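**Student:** Here the protein sequences come in this chain order: A and B.
FYI, UniProt numbering numbers position 14 of the first sequence as 14, with every residue one higher than the one before it.
FYI, UniProt numbering numbers position 358 of the second sequence as 358, with every residue one higher than the one before it.
Hints are not guaranteed to be accurate.
As the list makes no split between identical chains, a pair holds if one copy fits it or if it spans any two.
Pairs of lysine-lysine, DSSO-like flavour, derived with a Cα cap of 30 Å [to be verified]:
(1) 214 / 330
(2) 266 / 12
(3) 36 / 458
(4) 100 / 304
(5) 266 / 194
(6) 266 / 56
(7) 100 / 12
(8) 330 / 100
(9) 469 / 56
(10) 266 / 330
(11) 266 / 304
Just so you know, the hints here were simulated from the structure itself, not pulled from any lab data.
From a predicted model like this one, the values you see are computed outputs, not experimental measurements.
Below are the chains, spelled out letter by letter.
Number of protein chains: 2
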Amino acid sequence: MKEEALYIVIAKAIEQQIRNNVLKIGDKLPSIRTVKREYGVSMNTATRAFFELERKALIESRPQSGFYVSRHSRSRLPVPTTSNPSVLSHQEQAENLIDKVYRSLNDTSITRFSIGVPANELLPIAKLNKSLLQATRTLDGSGTAYEEIQGNFKLRRNIARWSFTWGGMLTADDLVTTAGAMNALSYCMMALAKKGDTIAVESPVYFGILQLAKSLGLEVLEIPTHPITGMELDALRKVLPSIKLCLVVSNFNNPLGSCMPEENKKALVNMLSEHEIPLIEDDLYGDVYFGENRPKPCKAFDKKGLVLWCGSVSKTLAPGYRVGWVAPGKFKEQVIRLKLLHAVSSTTLTQEVIGDFLENGRYEAHLRKMRRTLQANSLHFTRAIHDYFPEETRVSRPQGGFVLWVELNPNLNVPLLYDQAMRQKISIAPGRMFTLQNQFNNCMRLSYGLQWSDELEKKLAMLGSIAKKMIR
Amino acid sequence: MKEEALYIVIAKAIEQQIRNNVLKIGDKLPSIRTVKREYGVSMNTATRAFFELERKALIESRPQSGFYVSRHSRSRLPVPTTSNPSVLSHQEQAENLIDKVYRSLNDTSITRFSIGVPANELLPIAKLNKSLLQATRTLDGSGTAYEEIQGNFKLRRNIARWSFTWGGMLTADDLVTTAGAMNALSYCMMALAKKGDTIAVESPVYFGILQLAKSLGLEVLEIPTHPITGMELDALRKVLPSIKLCLVVSNFNNPLGSCMPEENKKALVNMLSEHEIPLIEDDLYGDVYFGENRPKPCKAFDKKGLVLWCGSVSKTLAPGYRVGWVAPGKFKEQVIRLKLLHAVSSTTLTQEVIGDFLENGRYEAHLRKMRRTLQANSLHFTRAIHDYFPEETRVSRPQGGFVLWVELNPNLNVPLLYDQAMRQKISIAPGRMFTLQNQFNNCMRLSYGLQWSDELEKKLAMLGSIAKKMIR
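Could you put the whole structure together from the sequences, leaning on the hints where they help?
**Tutor:** Take a look at the structure:
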């Protein structure tokens, strides 16, 4: 991976000051000249750093005056607290909530802040259809034939090629395709653990992961997790002797939006390697980054083949295509065998379409556009939450992905808020869904993978006013 | 279901005499006049019965002489013996064989009698492509969106509608779609049994079922199975107290080609119901019947919701589409939940295509053609086996499906024959793959789902001559 340009380094340093509230909304920034002197860089570099911050809407220029921290910078709302899961499991309550929320997902009359996928408007549907037509011409039997068990070769080759964006050295042979990322996680868990084994996960974590682990009879250990830097490694270290495997959503975790810093990823992989503990890495949001570069996955630091790197295009191209994959390291044969036993092979057509899409550079072009839209959305959302939600609201700072984690007044019961919001045709994902413990009852996940509009702003305002009323 | 026409009943009676060797190849049949008198039917009905037998190539007319049992009637080769599985498990040997055979499946330079799917030439590829184009126009987001967890509604509605062919009273709500029939079996097994439970299956049985059950930690009980009438119910009755669930491929079982008579199906369902034992019914070949009507599945006799009826279009339309389904009876919620946990949903596009294909009557038209081709193929194959294989060869009598079960001299080692045949670019499926016991070492499964040609005939002749040499 290339070195970061100097102006980016500077922009990041200033951004950090804004995020840490060293620089507050409305504060005047040092002049470009000061930055030039302090960092020992050219005028040009200093200017570019400011432009970068402006592009990200963190600062705004005022004519004849200089640069100021913008109110879009989201620095007012503090980040949610690091989770501290207890040991009691309250499985049933979460399941009921999940069922309730899922039932709302097909009703298009509802504003679905609860949904975890991008809206149709964000997807390159016409271009995918072109690739589909192409695939019926290229494929043996127009895609009616069984695909190789390991998966469509064009798709695997292009995922391998694409891994250069994070310095990956994968080959087509390292990869196994699956019916989406959850399907990849399912094969990984089945390959690595048996009933009674313990799996360590982030907390909060995507409920599908929790429910899958429970359904396989695994014991789930929820590890305290920071809303910006992800799983707390010190907490994990303490339980290492008792766990069989670990699972992290390393980049733009759902529901927190957290992204483990590179050094944490390295440390995590090393720590687990020492104990020969496999790591399932769900990296399905990694391509949707708002920064300059794609964050590396833990897989980039895997020397022993212990990291099973999972991904999909369900969050970037086509959830309904059911195209995902895993680079299972040294567990490849087990994963292929499980795929053969449970599903024989993956859908031939949709794999070929995605393979083609990646090969022709359409994926990259699409992602560039999508990232810009999502970053703008995330800023719209945080600003609206700042404007309409109760004073003590905390909100996460995703640097990629689709979701925000909102922590409300500790006395506010979000499952009740869910019911009230649904009466206004607004659906949210209550925090309680993302844990097997009795926690996060005052939290919610909001998806900003929706087309921004005045209507959406109104719905967020309504949500905020419901919350305010409930506190009173 | 409609009553069988009288001429069919008569044709079947005569067919039975041919199959039981009461009438042998070259035997002259009674005259049409005699049949008219004996059965007390019109001349027209008697004539139609003979035409029916002639259509099936069981008899042939000789000018000015009458009708004779044709050499296509396959009556010379006796049917294979009823299986008698022992209790010892020899898992590893079967796995190695399966791996070996699977590796040959992508090599198109090999004549693959080992393959379990129809050749491209038998599939309605152009028409499927039309439905695909239609689906991109009909579907929300051209099929990029997640489908309902339970499955595409159009597909479910049309499978339900189609169930009228066997007197089924299913509704769309009774069905859950899956990524093919094996995927349906996987959810069913996971929903019904846990590690250590015992499952009763036919013997021989499709190896995927055996391997899946073992991988889930189930104990597999192989029940003696007759090559024409399927699982021996008396043998099953004896082990009922020890089994948790039962699985049958009721219609044109793979690899035997057996089809349980209706009264056996009824008896099986009743027997299991008394003990509240669920029955997983894999009915993926039922639509490919050679007779007048589709044989009913066990599901038709299910009063308690204990039968989980599974199917797919992998053997009739498009293996690579990964479209299958299950009507899980009273276990529906468990199955839906497992689908959600392991795969979230099925591929939207291919489900819609198949739903459309069924809705527009294209499926029926296609099946009519395919059945004729496959029946003709089955006769070509049996005739060729009769002509080229060793004297003591036994062969099954499939009345539908794609596969023949061939039993050779007890001293002949078919796994060795496999290796020799592969040197001639011929691949077969050794019988040993279809059991966890040490049996069927002198058996093989041959698929006739291939386009018949002189080339194929030559390959069968080569196979026969290899077998003859090995016996000498």
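**Student:** When no copy is specified for residue 214 and residue 330, does a C-alpha distance of 30 Å or less occur within a copy, between copies, both, or neither?
**Tutor:** Classified as both; 25 Å inside a copy, 22 Å across copies.
**Student:** From the Cα coordinates, with 30 Å as the cut-off, is the pair residue 469 and residue 56 best called within, between, both, or neither?
**Tutor:** neither (33 Å within a copy, 79 Å between copies)
**Student:** At most 30 Å between CA atoms: does that hold for residue 266 and residue 304 within a copy, between copies, both, or neither?
**Tutor:** Classified as within; 13 Å inside a copy, 56 Å across copies.
**Student:** From the Cα coordinates, with 30 Å as the cut-off, is the pair residue 36 and residue 458 best called within, between, both, or neither?
**Tutor:** Neither: 43 Å inside a chain and 83 Å across chains, both beyond 30 Å.
**Student:** Can you tell me if residue 330 and residue 100 fall within 30 Å by alpha carbon in one copy, between copies, both or neither?
**Tutor:** between (39 Å within a copy, 22 Å between copies)
**Student:** If the cutoff is 30 Å on CA atoms, where do residue 100 and residue 304 land: within, between, both or neither? Let me know, please.
**Tutor:** Answer is between; shortest inter-copy Cα gap is 29 Å, intra-copy 42 Å.
**Student:** Using 30 Å as the alpha carbon limit, work out where residue 266 and residue 12 are close: within a copy, between copies, both or neither.
**Tutor:** Result: close within a single copy only, 21 Å intra versus 73 Å inter.
**Student:** What label fits residue 100 with residue 12 when the C-alpha limit is 30 Å: within, between, both, or neither?
**Tutor:** neither (41 Å within a copy, 55 Å between copies)
**Student:** Within a copy, between copies, both or neither: which one fits residue 266 and residue 56 at a CA-CA cutoff of 30 Å?
**Tutor:** within (28 Å within a copy, 70 Å between copies)
**Student:** Are the CA atoms of residue 266 and residue 194 at most 30 Å apart within a copy, between copies, both, or neither?
**Tutor:** within (27 Å within a copy, 38 Å between copies)
**Student:** Is the C-alpha distance from residue 266 to residue 330 at most 30 Å within one copy, between copies, in both cases, or in neither?
**Tutor:** For residue 266 and residue 330, only the intra-copy Cα distance (19 Å) is at most 30 Å; the inter-copy one is 49 Å.
Hints 3, 7 and 9, counting from the list given before, are not met by this structure.
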